[in-house]
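Colleague: Residue numbers (this note's numbering), protein chains in the order written: chain A, 1 to 202; chain B, 1001 to 1124.
Quick caveat, the hints were computed from the structure, so don't treat them as lab data.
It cannot be assumed that every hint is accurate.
[Claimed, not checked] Covered stretches of chain B, going by a simulated chain A footprint (3 or more residues, C-beta under 8 Å): (1) 1031-1038; (2) 1062-1073; (3) 1078-1091; (4) 1105-1112.
Keep in mind that this is a model prediction, so the values were computed, not measured.
All C-beta atoms, glycine included, are put in the ideal place defined by N, C-alpha and C.
Here are the chains, one letter per residue:
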Amino acid sequence: MAYAGSDRAGVPVSIKILIAGGFGVGKTTLVGSVTEIRPLRTEEPLTAPGTRVDALHGVERKTTTTVALDFGRITIRDNLVVYLFGTPGQERFWFMWDELSRGALGAVVLADTRRLADSFPSVDYFEKHHVPFVVAVNCFDGARRYDPKAVQSALDLESHVPVVLCDARKTSSGKDVLIALVEHAIATIKRNSEPSAEVLAP
Amino acid sequence: MAPPEDRWLDQDAGPVVRPYALIGGRTRPAGETLDVIAMIIAVRGVSPDPVGLEPEHRAVLRLSALPISVADLAADLDLPLGVVQILLGDLRERSLITVHNPIPPARLPDPKILKEVVDGLRRL
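Looking at chain A on its own, in the form it has when it is part of the complex (with noise of 0.2 Å):
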C-alpha cells in the first residue's frame, strides 16, 4: 500500500503497545499469549548523564544495569506490524519507558487485585505523559474476583480509562486486552481531534 506523497512505499507501519505491571503479574504470560516472545536486552550506562566514561573506571566497577524486555510481533498484514513490549514496572526502570512510551499507540496495565498497589507507577506514569492505556486485571486462580468498577476507583482512574478482566494464560483473553486497547486509543485519538465535542457536551 502506497501513500500519497510519501517514500514510504513498502516500508511497514509499526505500532508499539507497552505491557506494564508490577513483577510477576503476568506480563511475559500476556505477551506469550498472543504471540512469539522474544527476549530484547539493554543495557543502560549507570553513571551520570554527560559524565565521560574513563575506559578504565568504566570496567572497574559494574556501570550498567541489564534489562531484558519481553519483545513480540504480530504481523497485522503486510507492511502493518505490532510491537508489544513488556516492561519492568519498578520505578528504578523508567529511563527506558521514557524511551519506549514516546510514539506508543497505548499501554497495558496489567494488575493483579492482591497487590493492586504495584500498578499505581504504572497508572501514574501513562497519566502524566498521556499515553492511552487500559487496566487488564489477570484472574489469578484463588484470586478473590473484583467488579472492574471497584479496581476503577480504588486505582481513582478517570472514568474513560477501561478497566478488563482477563487471564493472561490464554490467547483469546489476552487479545481481548489488546483489542480493548486499540479501540481505547482509537476513541481517545479521536477524542483529541474533536475537541469542540468535549466542551459542547451536557
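Since chain A is already given, all that's left is putting chain B on it; use the hints.
Modeller: For chain B alone, kept in the frame of chain A given last:
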C-alpha cells in the same frame, strides 16, 4: 571497598564488555537515538568503505536488506538495544542505511489502519 571478585565476575560483565568495546565505549549514538520500532533499510548498490566498520556493522547491513525494525535487529543479533542504536548511528552517518521513523498513531495517514489492527487482532 568491594571485594576484587565483584569487579569481573558479575554475570553481566561478559556480555557487556564485548559490545561496548566494539563501539569504543560509547553509550550514545551519533545523532538522535532511533526509536525501537523505526524501520531500517540498507542502501542498495553501495559498497561500504570497510575502514571503521566492525563485523557487527556488516551484520546490521545484511539483516536490513529488507526493512527491519531496530528492536528486531537487536533481537536477531542478540545485542543490547543501546549497542544496536549506536551501530545504526554510525551507518546513518555514512549514508549506508535509510531510517524510517514510526508515524505517531494520531498522525497515521489513514485512520482505517487502526481499525485494521483491531480486525487483525480478532483473527489471531
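Colleague: Are the hints correct? Go through all of them and say.
Modeller: A quick look at each hint next to the structure:
With 5 residues carrying a beta carbon less than 8 Å from a beta carbon of chain A, the stretch 1031-1038 of chain B meets the three-residue requirement, and the given coverage holds. Closer than 8 Å: that is the beta-carbon criterion, and the stretch 1062-1073 of chain B has 4 residues meeting it against chain A, so the requirement of 3 holds. A stretch counts as covered by a chain when three or more of its residues have a beta carbon under 8 Å from one of that chain; for the stretch 1078-1091 of chain B and chain A the count is 6, and the coverage holds. Counting residues of the stretch 1105-1112 of chain B whose C-beta lies closer than 8 Å to any C-beta of chain A gives 6; at least three are required, and the coverage claim holds.
Going through the hint list in order, the structure satisfies each hint without exception.
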